[in-house]
Amino acid sequence: MNLIRPIASPGRPAAATLGLVDVDIHPRVRDLSEFRPFLSEAAWHRLVTYGIHARHGFHKGYPFPKAAPLACRRDAWPPGGGPPASDLPFLREQLLDRYDMDIGVLNPLQPSGQGDVNDGLSVALARAVNEWQVEHWLRHEDRLRGSIVVPYEDGAASVEEIRRWAGDPRFCQVLLMSRTSEPLGRQRYWPIWQAAAEAGLPVGIHAFGYSGHAMTNGGWPSFYVEEVQEHATSAQAQVSSMVIEGIFERFPSLRVIMIECGFAWMPSLGWRLDATWKRLRDEVPHLRRAPSEYLREHVFVSTQPIEEPDRPEHLLDTIEWIGWDRILFASDYPHWDFDDPRLAIPSTIPEAKRALIYGGNARHLYRR
Amino acid sequence: MARHVVAPVAEIPPGGRKVVEADGKRIIIFNLSGEFFALLDRCPHQGGPLSGGILCGLTQSDAPGTYRFSRAGEFIRCPWHQWEFDIRTGKSWFDPRRTKVRPFPAAVATGAELAEGPYVAETFPVLVEDAYVVLEA
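Chains as they are written, first to last, in the working numbering: chain A, 1 to 368; chain B, 1001 to 1137.
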C-alpha cells in the first residue's frame, strides 16, 4: 500500500501524427552564478552588486503576484533543488519524455537582460543567456532548440547577437517580449527585423516584458487576472504597429509568432484594420494589401492559453480565419497555466488539423 | 470495492494528507480535524496531480469590497491551474456539477474491528489497540 508507483508516462497525443513540438518552454538558471562563465568580470560585478533593473516599479519582484511561486506548477520544483525548469533531467522526465516530444523550444524569460534599463547589462546578459542555453541545455539534449535572446531596445547589439547565432541550427528563432519601449513597428526595431529576415529566422514575441509603460492604456490594473488579459491587448498593439508601419512590406520573408498571447483577437483586429484602411488608405500608401492579409501571411500564434468559448464551433471559426497552418502547440512548461498536450487541444478540432497544431506547422515554420 | 487499511491514524495528523495506491489508483487521504476523506489524485480538468497542491479555504464576496474567508484547509487546489476542490465532496467550487474529483469513502477503524477482516494486506502490522484509516477503493 505504501509503495506508490510513479504516474505512468502517457506519451504523445494520438493525433500528433506529424510529431509533437512544444514552442514555449521556460528554462531558468538555478541561480545567477550559472551566468558567470558567460559574463565579463565587469558585467558579473555589476550584476551581483547593482542587480537587474527592469523598466518598472517593484523590480525586485513582479508587479503582480502570480498565483503560485515563480508562477510555476507546484509539482515542477526539481526534487534535487533549484527552481522549476532549472534541471535538465527533471525537465526531460516531466515534459519531453512524459509526452514523448520531438522538439521543445526554449524561451528564456527573466533574468534575460531583455528590457533592462542598463543598456550595457542588457547586452551582456542577453549574450550570456544565449551561451547558457548552449552550454546548459542544447549541448546535452538534441530535442531542445534555443531562442536567440536579443537586447531589443538596442538595435545594433541585437543584430550582432542574431548574426552570432544565425548559423547555429540549434537556435530556431529570435525572441522578443510583447511589451517594448515603443511599438515594434517603429524604426528603432527595424534592424532586428532585417537581421532576422536575412538569417531566415522567425521571431517569437512572447507575452510579458516590462516596458516602463503601464500595461493598460488607462494605467496599472489592480489584479493579476487583468494582467493576464493584457497579453492579448499588447499583442494587438504590436502586430498593428508592424503591419501599419509596413514591416512586412520591407521584410517580406519575415514571420513572427505571438506566443502566449491568445489569438481570438486576431479576426476582430483584422476586420477593424481592414475597415479603417479602406477609408484612410492614403495615410499608409506603403501598404499594398489589406492589413488582414499581412496578418494571415506573417503572423503565427501559439495555443497556450487557448481560448475556451462555451460553443466549440466558435474556436473552430476563429482558427479558420487565422489559418489552420498558423497555430502552434505550446505547453508553457513549467508555469502554473501549463497545458497538457493530450487534453488542452479540444477534440472538436478535426484530427488532421490537430496534427498540424501539434507538430506539422512548427516543423514547417522552424525548419531546424 | 475492497477495503484497504492505509495508515495508522497517527500517521496523518489534522491538516495532513497521504498519497496511497489502492486498486491501481493513486488516492489522497486527507485528515480534516479528525475526519478522513479520500480523493483520486488526478485533477478532472487537465490531469494535474492534486497531491502536489496546497490546501486553501473559501474566499467569497457578497458584494464588491466585502470578503469572507471560511473553511480554512478544506479545499485542495490543483498545482497546475489552481482549480479549487472541496475535500469533503470532491466537487470543484467553480463548476461543481461537471468538474469533480472522484471521492472514496474513508473512515477510522480500531485494530480490534480490523481483526475481523476481510481487508487487503498491509505493509505495517495492525495492532488491536490502535486506530487505522480505512479506505474503500
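Keep in mind that the hints were calculated from the coordinates and are not lab data. It is possible that some hints are incorrect.
[What the hints assert, rightly or not] The list that follows gives simulated cross-link-like pairs (lysine-lysine, DSBU-like), each with its CA atoms no further than 30 Å apart:
{"id": "1", "chain 1": "B", "residue 1": "K1018", "chain 2": "B", "residue 2": "K1100"}
{"id": "2", "chain 1": "A", "residue 1": "K353", "chain 2": "B", "residue 2": "K1091"}
{"id": "3", "chain 1": "B", "residue 1": "K1018", "chain 2": "B", "residue 2": "K1091"}
{"id": "4", "chain 1": "B", "residue 1": "K1018", "chain 2": "A", "residue 2": "K66"}
{"id": "5", "chain 1": "A", "residue 1": "K353", "chain 2": "B", "residue 2": "K1025"}
{"id": "6", "chain 1": "B", "residue 1": "K1100", "chain 2": "B", "residue 2": "K1025"}
{"id": "7", "chain 1": "B", "residue 1": "K1025", "chain 2": "B", "residue 2": "K1091"}
[Claimed, not checked] If you want the ones that stay clear, here's a sample from chain B, every Cβ over 10 Å from chain A, calculated:
{"id": "8", "residue": "G1015"}
{"id": "9", "residue": "R1026"}
{"id": "10", "residue": "L1040"}
{"id": "11", "residue": "T1059"}
{"id": "12", "residue": "P1079"}
{"id": "13", "residue": "D1086"}
{"id": "14", "residue": "P1103"}
No experiment lies behind these values; they were computed from the predicted model shown. Yeah, the Cβ is synthetic: ideal placement off N, Cα and C, and Gly gets one too.
- Query: So which of the earlier hints does this model not fit?
  - Reply: 2, 5, 9, 12
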